[in-house]
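Q: Join these two chains into a complex; the hints should help.
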Amino acid sequence: MTDYLVVDGLRKAFGRETAVDGISFGVEKGKILTLLGPSGCGKTTTLRCIAGLEHPDAGAIVIDGETMTSARERLFVPPERRSVGLVFQSYAVWPHMTVAQNVSYPLEVRKWPRVEVAARVERVLEMVGLSRYRDQYATKLSGGQQQRVALARALIFNPRLLLFDEPLSNLDAKLREQLRMEIVHLQREVGITSVYVTHDQAEAMVISDRIIVMNRGRIEQEGDARTIYTHPANRFVAQFIGQANLISGQVMEVDGLDGSLRVDVALGAGGRAPLRALPPGAGLQRGMRVLILIRPEDIEVGPAGATSRDNGLEGTVVSAVYMGQYLDYQVDVAGVRIRAQAKPGAPYRGGDRVALGVPPAACFCIPEESDGQ
Amino acid sequence: MFRGRAATWPGAEPVLTVGAGLLVAALVLLPVGMLLYTSLRVEEFGEAAYFSLKNYTEFVVSPRILRSIGNTLIVSTGATLLAGFFGIGLAWSHARTNTPGRRILEPFTLVPFFLSPYVGAIAWSYLAAPRVGMLNGWLRWLFGLETDPLSVYNRWGIIWVLALFFTPVMYLFVIGSLRRMDPALEESARTSGSSILQTTRRVTLPLVTPAILSGAILVFVSSAGEFGVPLALGSPFKIETMTTQIYNLTSGSAIDYNASAALSTVLAALTLTFIYIHRRVVLPRGYTTITGRGYRPSLVALGRWRYVALSFNIAYLLMAVILPLLALFLVSISIRWEGRFDPRALTLANYAYVFTYPLSARAVWNSLKLAIAGATICMTLAILVGYTIHRGRGRGRAALDVLSSVPVGFPGIVLAMGILITYIRSPLYSTLWILLIGYITRYIPYGQRMVSSVLLALSPELDQSSRTSGASWITTLRRITLPLLKPGIVAGWLLLFMIFLREFPISVLLYKGGLEVLSVAVWYFVEHEGAVRTAAVAMVQVGLLLGAIFLFRRLAGADELAV
Ligand SMILES: Nc1ncnc2c1ncn2[C@@H]1O[C@H](COP(=O)(O)OP(=O)(O)OP(=O)(O)O)[C@@H](O)[C@H]1O
Ligand SMILES: [Mg+2]
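Residue numbers (my numbering), protein chains in the order written: chain L, 1 to 373; chain E, 1 to 563.
Next comes chain E alone, as it looks inside the complex (with noise of 0.2 Å):
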């Protein structure tokens, strides 16, 4: 019965694995390798171009790049700090303790993972800067105060800001450290004697020490490289991070690639050794506290206690979720913004004209188009690159795990750098397939862990049994390997779906006109178009992204989002 059977095409495993390979190395490595070429270059006016380290000797140590240098250091440590002290607090809280009402503030404490914020940045400037925003109002009324207590323009703003944003990522550490230690490190120290809290400082805290550095990691790494807050925060007011200083000089009257490139560099390598410290150094030291099934750890009863933890989660869910999007909501429903919501000046025109006026019309579909193409390639390429890495046999596997993972490292608009620099002659630029490639380069690593997750918990017997069964590598595929990895690609899916739909730093770096998308028109209109209208468009991508967190916890659960 089987010898009559017609050959499979003997290349489809080589073609397609070996094909993604190359792929993704020469999406990331060519920014990469043009990204340094270019910072090693000095052109002057009238000269021609020549090697030379002076982007870096002269230019990168000026005082006014060393004064950003300093801001993306204090801002990001700042950020840091106090994204620990919530996220690890909240875990807690949620993990460990008798707190009221944990199960349902859980999902909630996430939002702020899947906005922008860029956008956050923008409703907190409503809510607290001074003369407009609306708590300086309250507050100046409650306490009968003559100037304005609050303002986020200045390196506290940016503090407070990106930790609100990035709470999430310590706390999805925190708290799946907690979840999955075993009850039986818990229950011995009661056993031996240790009263619950101190339970809690002698054993919970430290097996929770790595778990809380790599998120410390992430969070210092994240707002290093986050260029939308110290965009609305800082720029306007001449405090300058790294990330702003690289896109000034991509743009306006200073244009210099060179130096540019030079900076996004040292960024690179600011934020690379990090990441590496964290896989060499941190990841290793992680305890595998794997536990058995159905297990309960014993809760700390807070007593009244529990109030002020309630508080706490409350207060946070205030700042990061509910007065952000309470201040864009009600300044995008008003017909002027002044400081003040007037009940009585009430206006949907500002969303009829985002939808009428075409910059805004065009970067809602630019947008979707982009999410779901980008989405869709991403995370074709992730399964071939995965499977290639975790199933495959040939040479370059382990070189591959690399290359697909190192774009995490860079911050967006560095690699949106590279990219502009590689492809700028190229006759993709000025088309949408410019921001396609950037949106993939950057975030292969995403869809690649969602697949690769998945894939280690798979035994590779079920993909060999296939085979033995008689089944092609190609239908093994398509009626093994993929319906069992369809939870992991769905959320991946959403997931990058969702990013691409608020990526800002590099599609403002790649765009032409006639290629804005939501984040670019939000800028555009904060630039040109004033308060109101801002808020309605930016109320937009929040809307299209609250649905797909809808979306994300219908259809993948919320045990998929630990990225």
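The following block holds chain L by itself, in its conformation from the complex (with noise of 0.2 Å):
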């Protein structure tokens, strides 16, 4: 089937910077996506190419089968004719306009008549909670009121598609998540297709039901929240999601029966050892060198000459931070530094010799020539 969202091969250079770099995806009707990655990654560039705000230098972007822009064949459609609501980071909620008024401006613009407008308003205002607000100047709302007119405003029109640029980035922690719960509340109640851009991996895995992890203008992978944090594609995701022990290390054998890797891991100072992998990442043979991904969750900590588990390493505590939900370890295992996040029960300090039980399963091998650096 073909996506109601297509973005093909699109670029755009702002002078000598390249801001987005040939970029392809696409969105289900009545999904959502997400474009996740570090400032200035060409995140905002290309919604704003889907919203009409951008003239790309390349590529086509096609909504429900008509293309609104297309490089090659010179073809442009202005934003206003697009039907694509937008929510902008700073909120650009109409300062001379009460919240009504704000609100009821795209039916307006559409010349629709006043008495649905006005019902429209008051059923859209009562979505997004703000109908006591009706009659207020907008700007003089709270942040979070003023991101709910936005969004508010951004629907009103039944768009086709709903883009959301970090909605959510100048409000304050207890409030971004609440908001977050309501947008995924709203989009599915709604069932209206959306892009959401943002640079936080937490919001990216609640809202999203894809999500697209983006780096220096181009699309480093692409999944859903599952397999981009178990399975990730290479170096630049296994950091940017979550926290990530990756250690290099080169392939000595696969296991013929049941699929899983003997890896040699480099130590400092030349030193080994081996570890055992599970499951296999694809296509990986004897003498490839890769990266091995441990999550620091996934490693126990126990007593120092306890090695009796799998891949059993030895070290000393550098570091041990009480946490609340967990104590964070940073261990030093002949001169590699490696991160366990353990139950606080085990109480090791500084200095303590300690034994690190990695289970197969939670090794992840990723071949380094498909390192993104």
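Treat the hints as calculated values from the structure; they're not laboratory data. Hints are supplied without guarantee of correctness; some may be wrong.
Claimed, not checked - DEER-style ranges, computed between Cβ atoms:
#1 L:95 / E:551: 18 to 26 Å
#2 E:238 / L:96: 39 to 47 Å
#3 E:238 / L:95: 53 to 61 Å
#4 L:129 / E:272: 36 to 44 Å
#5 L:140 / E:180: 21 to 29 Å
#6 E:209 / L:140: 38 to 46 Å
#7 E:369 / L:118: 53 to 61 Å
#8 L:95 / E:180: 21 to 29 Å
#9 L:216 / E:302: 33 to 41 Å
Here a beta-carbon is modelled for each residue, glycine too, at the ideal position from N, C-alpha and C.
A: Right, here's the structure in full:
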């Protein structure tokens, strides 16, 4: 099936700087896709190209089978004829209008009859919980309320597409979580196809059906939250999403029976240690150089000497920080620093010798060749 | 719902913005180009014109012209120093000391900014001319002097009047900088152990220095380009400056447009150099010291000195506003003027004369017409140009930015010279249109800057969310951009209205019989009608300007003044 929104080979440069470097993706009808990436990676530019606020240098944008932008055909539909709602990080509510005037504007410019406008404004304001404020000047409201005004204004004309550009990043943590849930509910309820931009991975995981991780104007990986967390495509994704221990090594043996790998990891001062990794990354062969990803929460910390388990590593605790739900350890394993998060029950201190247990299923191999750098 | 909507006219944005851009480019480039071209031509009697640098290598360096260049440099430097003294002192006393009544004094300090320096010079001649100056009379009587102690008809007089009228320029720069300064900068000097006066000297003053330099450059450039003041106080006594010489070469017996164009080019080169230094060297050094909201810098408690500061304030207001306007008013209601106000010989006949004498009656209407039309057209262009510069996507935005600010660097008389040469053979000449073109060309930068400063403070996302809401470019302009720009538009319009109401150098160079405006009428009356009627026509202009200032404060607020 074809996607409702198709972005194909999009490229946009500002002067000599390439903000978006040939990216392609699609969003299915009714789904919400997140563009996730560090500051300056081109998320906003991508979004603005979809909305028709930027003219891309190359590529095409198709919404519901209608071509909106095509650099090759020199086709460009202006933003007002795309039916795309956009929520800005800065809210961009108009200071010279009341809440109701802000929200009714899209219907007015579409020449809706007055009665219908009033009724619909009422409904939408109710949806975002702002009925009480309808006659106040919009910029007199709090940040969270202003963002609701912006959301209502973007929703009211039943756009084909809803775009969010870091809508919550100007709000404080509590409010951010609350509004995040509200956005998810609204999006599901209205069933509107959406693209959501953020640099906050937790937000991306809560909100999206699919996530695209971007870096330097390119797509590093696309997938659902779980895949991206457990099977990152490269070093960049592994490090950007969650916390990661990455140790380089070489595949020594591929087990013919269960497909598991034996990997020699390089430690400091020429030392090596064997690790068993499960499940296997596809197509890994003997002799290949790999990065082993181990998430800190998957590591068990136990007393030294008890290395009966699989994949035991011994090291010295460098620091242990109490974080409430867990203890955050930095452990030195023969010159390699490994981070582990263990139950606060095991109270080791700096200088203690400990054994780290890493279940093979928690070791994920990333081929070095596909390293994003 | 949306696919059925009629498409908006796709050409609205490009046609309007490109059109305005090209119009501004033509308005500015044509006269500047013609000025240069003419300055390089030599037309000697009975010979075909030819290209030559003669106008520069022979005429400009002739002793007579060199003397006028020297005078321009002397009076501009003097005016800058004196205006610096007044402006810095006033700004500091208002923003950083406990001078009594500073809140009330502040708006009055700005009044000279809106009045005509030319009329100011005439008013000062009623105060301090030999024989007929009121102050001279009082001083003679007070000290039993035989001769008059004061005279404004020399370079000191020119410096004095220029300084009084350009003090607000300096004042606005300095007080703006003081107000924007983060109080934490001064507070951390205090907590580091320096006294409040040490802090003023070691922290405040260095931080304000770029603003002082900006103000000084602007005062210098304005003084060098000022035409009315040296015309009133210097020319009759053979003290010529560059501007009066440029004018002399276009009228009377010794007309030489080529020589005048060459001298104009030299003057423009001088002022543009200063503006360039300002933009390239001074502005980038400016400290951006943005403050949080609602702060109060600690004030210097002046103790008994605060009455000295108050006297300083009052002295400035007396010299710059009260005495000149009082003199003008008293002369205008006198039957005749011989240096002493005679309360038994009062009349309104001078005003009646002004409104019935065809030339002056015409001048009032012409000025009003030009001020209203000029301000409206200028602001319309400024909106389109400002929008193109800050919101457009097309090429040439940087060039348009430069083009639409460059006329600031041209003294009025210089630009008028270029416009005269450009349009003299066109049907526009000897209609009000030529004056309108002159006003708009010279003052488009003021409008543009008013619009741009508001646009810069507004997020472009406010426009963009209107587009994604489904509104076309024109609808967005009408419903979102213009309403948000309104404060800037109102302030810009009123400012231009006032400037056009008092405009003198462009008008006097471009007018023809029937096209007189207020300042031209004042000048004509000076030459032909005597003191009392001159004062009356000047008072009409002052009255209109004061009314506009009042409106300005009501509608635009004091913050918008900082042009
Ligand atoms: N209008 C512009 N002019 C020049 N450069 C721009 C412009 N807009 C974006 N860029 C540049 O393009 C690159 C990508 O910018 P973009 O705003 O798309 O990043 P982003 O992923 O949204 O970052 P952030 O998380 O900080 O918002 C940046 O390097 C930025 O400096
Ligand atoms: Mg962004």
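Q: Each hint: holds or not?
A: Hint-by-hint comparison with the structure:
Take residue 95 (chain L) and residue 551 (chain E): their Cβ atoms lie about 24 Å apart, and the range 18 to 26 Å holds. Checked against the hint of 39 to 47 Å, the C-beta distance between residue 238 (chain E) and residue 96 (chain L) comes to roughly 58 Å, which is inconsistent with it. The hinted window of 53 to 61 Å between residue 238 (chain E) and residue 95 (chain L) holds, with their beta carbons roughly 59 Å apart. At roughly 59 Å, the beta-carbon separation of residue 129 (chain L) and residue 272 (chain E) lies outside the given 36 to 44 Å, and the hint is violated.
Distance hint check for residue 140 (chain L) and residue 180 (chain E): the Cβ-Cβ separation is about 25 Å, which falls inside the suggested range of 21 to 29 Å. Checked against the hint of 38 to 46 Å, the C-beta distance between residue 209 (chain E) and residue 140 (chain L) comes to roughly 39 Å, which is consistent with it. One distance hint, 53 to 61 Å for the beta-carbon pair residue 369 (chain E) and residue 118 (chain L), is violated here, with the actual separation near 46 Å. Between residue 95 (chain L) and residue 180 (chain E) the CB atoms are about 22 Å apart, so this pair conforms to the stated range of 21 to 29 Å.
Between residue 216 (chain L) and residue 302 (chain E), the C-beta spacing of about 59 Å breaks the proposed range 33 to 41 Å.
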